[in-house]
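K.L.:
Now for the letters of each chain:
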Amino acid sequence: MPSLNLLLQALAAGVFMGALYGLIGLGLGLGWGILKQINLAHFAWVFLSAYLTYDFKTRWGIDPLVSLLILVPAFALLASLLQAVLAKFAITPFNSLMATFGISVSVEALLQLVWSADFRRMPSPYDEMKFRFGGIIVTYSESITVVLAVLVCAWVSWMLYKTDVGRCVRAAAEDADIAQAFGINARQLSLGLAGVCGGLAACAGVCVALTFTLAPSQIFAWIGVVFAVVMMGRLASAWAPLFAGLVVGISESLTMAITAPTWAPLVSFTLLILILLLRRGHD
Amino acid sequence: MTEGPQPWRPQWGMNTVITVMVFALLVAAPYWGLPNYWQSLLYMVFFWVTLSTSWNLLSGYSGYFSFGHGAFFGLGMYGMATFATKLNFGFVSSVLLSGVVAAVLALAVGAVVFRLKKIRGESFALITLAVTFVLATLIVNTSIDGGPGVYLMGVQTPALGPSASSSFYYLGLGLAAVCLLVARFLFFSKAGLGLLAIHDDEDVAQVHGVPTFGLKMAAFALSSFFAGMMGSVHALYVSYVTVGETFNITVPLTVVLMSVLGGVRHWAGPMVGAVLITFLLNAFTDGASALIGRIAIGLILTFSVLLMPKGIWGSFQAWRKARQKAQHRAGSQGADSQSTPLNHVATKAPEASVQPLNWEREPVALRVSGLSKHFAGIKALDGVDLTLYQGEILGLLGPNGSGKSTFINVVTGHFSPTSGVIELAGVGCAGMPSHQIRRLGVSRTYQIPRPFTGLTVLQNVMLSSQYGVSSTTHEQARIQAMQWLEFTGLASKADDLPDELNLHQRKFLELARALAAKPKVLLLDEVLSGLTPGEIDVAVQTIRRIRDQGTSIVFVEHVMSAVMALSDHLLVLDQGRVIAYGLPQAVMRQPDVVKAYLGEGHAELSLPN
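For the protein sequence lines, the chains are H and D, in the order given.
Take 1 as the starting number for the first sequence in the working numbering and just add one per residue.
Take 1001 as the starting number for the second sequence in the working numbering and just add one per residue.
These are computed hints drawn from the structure, not numbers from a lab.
Don't take every hint at face value.
One side of the interface only, derived from the structure: several residues of chain D facing chain H at Cβ under 7 Å [as the list claims (entries may be wrong)]: (1) Thr1019; (2) Val1022; (3) Ser1123; (4) Phe1133; (5) Val1134; (6) Val1140; (7) Ile1144; (8) Ile1249; (9) Leu1291; (10) Arg1294; (11) Gly1298; (12) Leu1301; (13) Thr1302; (14) Val1305.
Note that beta-carbon positions come from the ideal geometry of N, C-alpha and C, so glycine has one too.
Please model the complete structure; the sequences and the hints are all you need to start from.
P.N.:
Listed below in structure tokens is the structure:
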């Protein structure tokens, strides 16, 4: 059994991983629940954004937090444009999965073309800056991720539940045709919402660049666990992906600390299976 | 009028000749000096054809999209690694055992998830994906692998053909050919029709007698069996297996992608997709051009899914059908021989036979006593007693929400009753699954028609006849189905899809489908609602003719003129309870019936009849 301090350190690592899972899962879940699209391109945007953050930093020395201000609107626009194309076709959730998988394949190849398949790690001052919290050491990079995730969830929650736009979005999610009959412009909403998801992807990308070693194939490595997070939380919900992300992240890192790192997936995926089997359904 | 196409029969002929020639050519090719590079490339084509075609057996046909094909394929890889290297089994037995192990895992997963209605669609995709990763974690952490991977250099592969690489070429070709034959056979079989119906509407399929659980299990096992065998051969091809390279998202995604691109509603669709994508991926192999190639493939995929949601094969079939129709229309102009329900009336069956005056002497077709169904405290049915005599039409009335539809749903087994007895010709059947109740001779129609939208009108009726009546051959089922389509005036629509019918025709399709099972008891749920007065007259005649064939009918309806014209007895429900039963005229004069229908204050008025 590892020492208490080690367990606490693992817990902190889990919180940070969970926040990142939640941040990526939030954008995916919003699109899934409201736009009825399983948008695999979301992962492509996350890593495109991460590579751009890396590039801005290493080429021009732009601070990642400044990149955030450039990348979020840029990716919001990109995702809205994609949505404008997708909206032209009546597409089932499953076909949206396939169509956006194609985009991810293209983006992966593009990343490899520009930045090669080598591993890249962004040098960042936030990695050097650390603080002690009780007995555990936390880097600024990790704290930034956690703070960003919480802020973003709070903002989405406020948008969805406290504003008229949010009410329209929820109505359209329930039944787009009826909502349209009541005068809601579903097309405009879907473009806006896709934009929000794109912005969330860009934000997650900056966090990935801050804390991870990048490789183009990573796009597909994250799909499984983030899907688990999205399904565990509710679709189209603000806080649920974050909580689900924390559950998965913490259980993974504790498993790693107590047993071996290779056992980590067992916990999250067994959890996913159990939740799918035991959740309330129409049985 | 030329005979229409018969889409449900395998068409031997030109296609068979071409297929046999292509196969013969592929078998002969290595002996004619096919370069090793091409043999390897074609092995990869066979590999993906086998994996995607086997995936399609369950996922394409029944719509249960699995993302876990990598688990069964990977189990096959590690099956070979274990059986051949650690246990020193022979090649053939290792391949077969790997397939069996994969099939057993599929049955274990299926036994849990196929019982739960909530595990459909995305949940099924996710749960199968999760199984993949759980399996991978178990293998990497146990002695099956242990981490570093397993080498298979020492395993003897049987030498087939003229060169070393032709062994794998022939193994791949053989597996792909067998898998395609199985897929084709299944597609045209009764089981295949059942799986396609599950894809469109699983609940309705079960009501029409399809044993959904068993079919899904069998298809899943078969699908995984082929994936396992292909995996075991592939383990030798790569000669070194690792968990990271085996259990990742690549195999399931590629397989789904190939099948969706090719078209999942046909046995040949995945093959088309697999051949196309394997060659595309291979067209760009070196450096920068490979990457530009991948970018192009991604975009091609995106646009082909957007532009051809039914896949290449599905789009091709739709195009061919549209062309046939256009030709057909050009050929038969002027000679409009369409049989509409209305000219059916002109040639209608003999008048209704005289009905017995003393029903109590007739045999009982359906007896229900003390039937209750509670939903979370709401008593939808509360101690209902009902007797339906053979050859009787029983009108079941009641205001909206009085329990009429619940009654039908409970009798057909969609819901199991909270308490009470249901007997069909003396056989108790309360709580049985709906496909078994169907076999005891109960059919129903849905108030809002629920045809299988992916099957033609003829297939819709054939399915009911094949699953409802025991020991019906394919040809018998087709003939019977055509008869029922004639009976309901839909014969000219036999090869159309249900979407092309209007409401009236869809209601009659419901009826034809219910009748094709030759029911002893027929439950009609508001077949007349939404029809025009003319159409109602036709329908009333049709229902009378059904009864004249000896079928007993429970007739739920709001169109009072039809109820009074057809019913031998009336039974009125209100808030789940029987409030009146008897001869129609007498029942409709009872004050509490009038009250239930028209409200207080009208109770003194009697019906103008």
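K.L.:
Hints first: check each against the structure and report whether it holds.
P.N.:
Hint by hint, here is what the structure shows:
With 7 Å as the threshold, the beta carbon of Thr1019(D) stays out of range of chain H, its nearest partner Cβ sitting at about 28 Å, so the hint is violated. With a cut of 7 Å, the hint placing Val1022(D) at the interface with chain H is violated, because the nearest CB-to-CB distance is about 28 Å. Interface restraint check: Ser1123(D) against chain H, minimum CB-CB distance 5 Å, threshold 7 Å, status holds. Here the hint on Phe1133(D) is kept, as its CB sits about 4 Å from the closest CB of chain H, short of 7 Å.
About 5 Å separates the beta-carbon of Val1134(D) from the nearest beta-carbon of chain H, less than 7 Å, and the hint is met. With a least beta-carbon distance of about 5 Å to chain H, the hint placing Val1140(D) at the interface is held under the 7 Å criterion. The beta carbon of Ile1144(D) comes no nearer than 13 Å to any beta carbon in chain H, farther than 7 Å, and the hint placing it at the interface is violated. The criterion of a C-beta within 7 Å of any C-beta in chain H is met by Ile1249(D), whose closest approach is roughly 5 Å, and the hint holds.
With its C-beta approaching chain H no nearer than about 4 Å, Leu1291(D) sits inside the 7 Å limit, and its interface hint holds. Checking Arg1294(D) against chain H by beta carbon gives a least distance of about 4 Å; that is within 7 Å, so the hint holds. Of the supplied interface hints, the one on Gly1298(D) holds, with its beta-carbon coming within about 3 Å of a beta-carbon of chain H, less than 7 Å. For Leu1301(D), the shortest C-beta to C-beta distance to chain H is roughly 3 Å, which falls under 7 Å, so the interface hint holds.
This hint holds: Thr1302(D) has a C-beta 3 Å from the nearest C-beta of chain H, less than the 7 Å allowed. For Val1305(D), the shortest C-beta to C-beta distance to chain H is roughly 4 Å, which falls under 7 Å, so the interface hint holds.
In summary, the structure is inconsistent with hints 1, 2 and 7 from the numbered list given earlier, while agreeing with the others.
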